[in-house]
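Single-letter residue listing:
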Amino acid sequence: MFERCNDKQRHLVKHQHHKPRHANVDSRFFGRKFTTSPSLERGLKASTIVGAAVFVIGLFIAPERAWPNALLAALYLLSISLAATAFLALLYVTNAGWASAIKRVPEALASTLPFGAFLMLLVLIGTPHLYEWSHSDVVAQDALLQRKTFWLNVPFFVLRSVIYLGLWVFFARKIVGNSQLVDRDGGDALREWKRKKTASAIFLVVFALTFTLASMDWIMSLQPHWYSTIFGIYNFAGMFLNGLAVITVLVILMKRWGPFEHILHGEHLHSLGKLIFAFSTFWMYIWFSQYLLIWYANIPEEVTYFVYREEGSWLVFTVVNVLFNWVIPFVALLPAWTKRHEGFLLRVCIIVMIGHWIDLFWMIMPPFMPNVPSVGIWELFPMLGVASAFIALTFRALARQNLVPLHDPFLSESLPLQT
Amino acid sequence: MSARYLIGVFGDEHDLLEATREARGQGYKIVDAYTPFAVHGLDEAMGLRPSKLPWVCFGLGLAGAVAKLWYQIWTSATSWPVNVGGKPLSSVPAFVPVTFEIMVLFAGVGTVLAFFIVSRLRPRKKKPDVLYEGVTNDRFVLVLEETDAAFDVERVRAMFQQHHLIHLEERVDSIPRSLDEEVQR
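Chain order of the listed sequences is A and B.
The first sequence runs 1 to 419 under the numbering used here.
The second sequence runs 420 to 604 under the numbering used here.
So that you can see chain A by itself, here it is in the shape it has in the complex:
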């Protein structure tokens, strides 16, 4: 099963005398650690507290806005960690060596998965505020919802949610867990690597199934009459695109702040940029596939979804969503040099990150604000609060170990990367 990796290993051993390019890199740069400044930590803490306070006030003053927004924030952060886990799993199963030098960044994001899962569990408290199918009086009046009660009922819904989150946290630990140990002990990196490869292969299958169901449960059932069989992959496309953007932003920051200096070069950025370009186009492809079939068939239960989103100011969100997630990244990343240009790529990534928030807003909010979308204090402050907590946790995870995985079997392939 692992012959390929052994071949690669042998290849690496065989060519050790060749002095790959990183032989010129001063080994001092490998051991650099990332440290957060106390003032940054204080700022993030303060912003978390303010966000949480606004959310709690919102629960009493405007619960119809606080709960959907809590769902949005939880999903956004959960999906970053999940995308990072899936990214790592893809690296393991495809024997990819190019990203070894930067893999501590997705690992840090993946290790923050329990935080997102915890937020999602909190959101489940708001089930009655979010999902109309959870009210028995509504269901009693609705023939379609009665047919769906075998799936859409509160106990089963909560049980499913807990299973999804549990599986994800479990696999994220399996995939990230011991990789720090390998560095600390200088143990058998290859054996550990194989173990992670097995876990990754299983995770990818589990993830595909659970993520599809989770996006149907948590987002699609907000409009329980509506259904779209492509919804799972649509959500996957958006979350993976956003995950890649976040990874790229952190990687660039780690270069600017020191630890990746002399390690990261244009080839790594080029590879990440290509992935962002590809997944942006994939997202658009799936977006349009969903739209085209619904537009073509013109069935009342289905078209309501887009009717909501094309009327009045919601149309602005629809257009901005497509602009930020596809048009801008596509045009901006079309030439090769923009993918290698640190500052340029950073800006595109930030646009994609805002775009994914808009995408989730666009999916979640219309049933709660059918006429006019509003983005105000109830939306922005809680989001900033949990995002600050997420950033603080991620930075702590980054600071915990060497940012360059010294004993990774493929490090010598990743450092002199050429594409």
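Treat the hints as calculated values from the structure; they're not laboratory data.
C-beta: ideal position from N, C-alpha, C; glycine also.
Be aware that one or more of the hints could be misleading.
Below, computed lysine-lysine pairings styled on DSS-like, alpha-carbon distance capped at 30 angstroms [what the hints assert, rightly or not]: (1) A:Lys274 - B:Lys487; (2) B:Lys471 - A:Lys274; (3) A:Lys197 - A:Lys255; (4) B:Lys506 - B:Lys487; (5) A:Lys197 - A:Lys174.
If the Cβ cut is set under 7 angstroms, some of the chain A residues that face chain B in the computed set are [to be verified]: (6) Leu292; (7) Trp295; (8) Gln418.
Fit chain B to the given chain A structure using the hints.
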């Protein structure tokens, strides 16, 4: 005009890359490099300018998309209007998949054809001589031109030997035709 060429043979792409970099750094005129597979970074090491093929690809893709979109609008709304499901005659969403496919087809196939034309690979072309036995298997060849009388073969040999040179030979005018074309251009 008679020209003299120096052919350096290496056993590994890393050696070839390093040798190419060094030869270029020292100002030797690199005619070309021949490898059994595409070596990443070789274009940079040889100092080649970025390829213009992406522009060909972009232009062809754009042309394909515009032409196909126009064609669909013309057939369904102008030339032979047919009412399909009460939708407007010129329903752009329905035209997008075909427009997209034709764009990909034009851009993909067109770029390959453009590459063939630029590289002068055409049917019935005389089979090129193999520069060095093994260059299609596991040998990596770098060809330098001996530009003037001051060209010192032994110095080049010493430079290449640092990069595990396998074989070095001089050729006078016995360069394959394909290479000749390269040089004349």
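Evaluation of the provided hints:
no.	hint	in the structure
1	A:Lys274 - B:Lys487	27 angstroms, holds
2	B:Lys471 - A:Lys274	19 angstroms, holds
3	A:Lys197 - A:Lys255	28 angstroms, holds
4	B:Lys506 - B:Lys487	20 angstroms, holds
5	A:Lys197 - A:Lys174	10 angstroms, holds
6	Leu292	6 angstroms, holds
7	Trp295	5 angstroms, holds
8	Gln418	4 angstroms, holds
Of the hints listed earlier, there is not a single one the structure fails to meet.
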